[in-house]
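Protein chains: 2
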Amino acid sequence: MNLDALYSELTLKTNAKVALIVLDGLGDIATAEQNYLTPLEAAATPNLDALAKNSAQGRLIPAAPGITPGSGPGHLGLFGYDPLEFQVGRGVIEALGLGVELQPGDVCARANFATLDANGIVTDRRAGRIPTETCEKLCALLAAKIKKIGDTQVMIRAGKEHRFVVVFRGKGLEGPLTDADPNREGFAVPVVKPRDPESLKQKKMAELIAAFYQTALPILAQEKPANGFLMRGIAHQPEIPLFEDRYKLKPACLAVYPMYKGLAQLVGMKKIEGPQTIAEQFERYLAEHANYDFFFIHYKYTDKAGEDGDFTAKKKAIEDFDAALPILLQKTPDVIAITGDHSTPVSLKGHSWHPQPVLLHSKVSGSDKLERFTETGANSGSLGVMESKFLMRLMQANARMFDKFGA
Amino acid sequence: MNLDALYSELTLKTNAKVALIVLDGLGDIATAEQNYLTPLEAAATPNLDALAKNSAQGRLIPAAPGITPGSGPGHLGLFGYDPLEFQVGRGVIEALGLGVELQPGDVCARANFATLDANGIVTDRRAGRIPTETCEKLCALLAAKIKKIGDTQVMIRAGKEHRFVVVFRGKGLEGPLTDADPNREGFAVPVVKPRDPESLKQKKMAELIAAFYQTALPILAQEKPANGFLMRGIAHQPEIPLFEDRYKLKPACLAVYPMYKGLAQLVGMKKIEGPQTIAEQFERYLAEHANYDFFFIHYKYTDKAGEDGDFTAKKKAIEDFDAALPILLQKTPDVIAITGDHSTPVSLKGHSWHPQPVLLHSKVSGSDKLERFTETGANSGSLGVMESKFLMRLMQANARMFDKFGA
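Top to bottom, those sequences are chains F and Z.
Residues in the first sequence are numbered from 0 upward in steps of one, following numbering that gives the first Met the number 0.
Residues in the second sequence are numbered from 0 upward in steps of one, following numbering that gives the first Met the number 0.
Any given hint might turn out to be false.
In this list, chains with the same sequence are indistinguishable; a pair is considered to hold if it fits within one copy or across any two.
Derived lysine-lysine pairs resembling PhoX-like cross-links, with alpha carbons at most 20 angstroms apart [as the list claims (entries may be wrong)]:
(1) K52 to K270
(2) K348 to K362
(3) K403 to K247
(4) K136 to K159
(5) K403 to K348
(6) K159 to K303
(7) K223 to K269
(8) K12 to K368
(9) K403 to K303
(10) K368 to K303
(11) K12 to K247
(12) K270 to K147
Read the hints as simulated data drawn from the structure, not as lab findings.
Same shape as in the complex, but just chain F:
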């Protein structure tokens, strides 16, 4: 039997309030250089410690053993969707990251400004990494001249340096397509093709991309070095079962950065705008307590510090989080999970595959009798080492939302 169908069949609506708190990139690895302490272990976290005493712990594998996820799969897993089943194109992730309010059916492409020679051969795939301001100027130029192709609306958004995003909104569009990118210099930009040769919608989309090139290239012809561009990850927003339908929990997102708001929006969470700090996010949780059943609260700074390889900053980010935690506990959610979407070890300066520590607290979580919330402690927690996608189901169980299976 399909497991999601079984969960669905057993789900009962309750009045429980459930909070998923994601410290982005929380997990880390212990190294000799840092005296075998992770930032979480080195940080002073009196409030997390108090919670740990009455919680279950374990570790989460975001997608599969050894796989380092981006923010997309990392969060989809935490939202309870198998990231291998529900794949989100990079164009969609980039568009979400730039704050584009996507609609179902929108096709997104990740694009780079590039340098072409007189014969259309790519001589620099990143156009010398033009400054962000130049990128913004060029995007504004394109956006001013290309608002529609036929009936299809075209939206162009600048990213950092040479990066931008193109969103196509219209009827009967679909991805994925092959890339308009030779992936190395010395070759022409290939014409995109449907990934599924039978799909008429993909065929239409491929024609739109061709038309977009035909219109846009002349506009850039006199630019130096950005007289061309590449497009990749061309795909539509995938159909993902709505969070509220799937879990019978009315969800709200309290995130500061557009990418995470976008990912929450992808599964139908309501975005609550305004709060800029974790204290403000928790305050807003208190204010919105009655209006939702599920709160996704995202904290970015652990990941940032990990990406920078800054141990002290990551430790400080955790301590800042801990200091704000009592605000949340003024109206303690019935179920609290605290974890990361992936590890971002300081020593790696980037995302990694190492499992996340997770803390799960409720009146019925039981206690693993751990004095603190740490990677090493979580290894001996009762949740074991499991895939992230099961966390939502354990949260539902702790919210007493599942009927008994079988007699």
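Given the structure of chain F, go ahead and fit chain Z onto it with the hints provided.
Here is chain Z on its own, set in the frame of chain F:
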């Protein structure tokens, strides 16, 4: 490759004696109210402690993370059958629980006496919870007048209060059907339908249920308040590969309660009747040692105490079990697994999803160097947190029943 097929291909017959000992509902959770000790942790268990020193430990997830199983899925998992793949209808479980000796193809329905008004509308789904004696009297009345419908034999067995079971034995019958139960008062009893509209056997079965209603309702017409009845979970005994064929182990069941004998019978175990206490069950194991390879020994009282929310009684049940254990060890089985079918935490007064502690002992189990058998200790055992269905395979491995896979 199908994993069961691989196990099967690698299985060798040995002379090992294997014992699966189920303390029903053994697992519990540590709470502040009980000083962070589970009943297993609070109990004095010198004999389990001695065994633990030379055992591997871990935790078992009965069906899937967060799922609270009934006894059926709980035991099927321990018998090595995926409870999501092999689902047993509630009618079958209830019939087994009432001690009906089911045969392959029997279709069972769980039934309730109910009160109907003059228009056939259900006014009380439980007929005022009539006393068990009334239920027995009405079942006898129905049984006396309805022995067969066409070629199909009909068996009616009273349960507790308003509950009873109807078993249909004949050729070409099959479930599952929809319920003859509006699930709330104020509605008529719906006509049952095949779950699979294409199944002729289900169609035949639905017609039999209709005929049963037609015959039975007039018999009850003058009764008050039980002038009607509802039927649910109408399904046949599923086809389950026989235990002995699957594991090359000749199995015996030493259980006291009918439900567990029934579940053992479902997979073809031989029921050994007679023993009423765990000491008597172990004594009987000694007597039957030469006659079987595999002994399923079921102990009910841990679950009962958990359901009653009685910490002291659960602790005492564990201590009583421990005191009897030396009898078993007079002829120590080559492989011993001690676990539960699910958790029944005292603080929840019912089954739960929390993983079971499991202890696995053999000459080749290795030692996890744990001084005791407890939930918390088991968290850091070498078996990890795994699905129950793999325990049988680990028992086979410890019985040296698997050839090497690959060169």
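Cross-check of the supplied hints:
no., hint, verdict
1, K52 to K270, "neither (32 angstroms within a copy, 45 angstroms between copies)"
2, K348 to K362, "between (37 angstroms within a copy, 14 angstroms between copies)"
3, K403 to K247, "within (17 angstroms within a copy, 32 angstroms between copies)"
4, K136 to K159, "within (12 angstroms within a copy, 79 angstroms between copies)"
5, K403 to K348, "between (45 angstroms within a copy, 13 angstroms between copies)"
6, K159 to K303, "within (16 angstroms within a copy, 62 angstroms between copies)"
7, K223 to K269, "neither (43 angstroms within a copy, 53 angstroms between copies)"
8, K12 to K368, "neither (30 angstroms within a copy, 43 angstroms between copies)"
9, K403 to K303, "between (42 angstroms within a copy, 17 angstroms between copies)"
10, K368 to K303, "neither (31 angstroms within a copy, 26 angstroms between copies)"
11, K12 to K247, "within (6 angstroms within a copy, 45 angstroms between copies)"
12, K270 to K147, "neither (29 angstroms within a copy, 63 angstroms between copies)"
Hint check: violations occur at hints 1, 7, 8, 10, 12; the rest are consistent with the structure.
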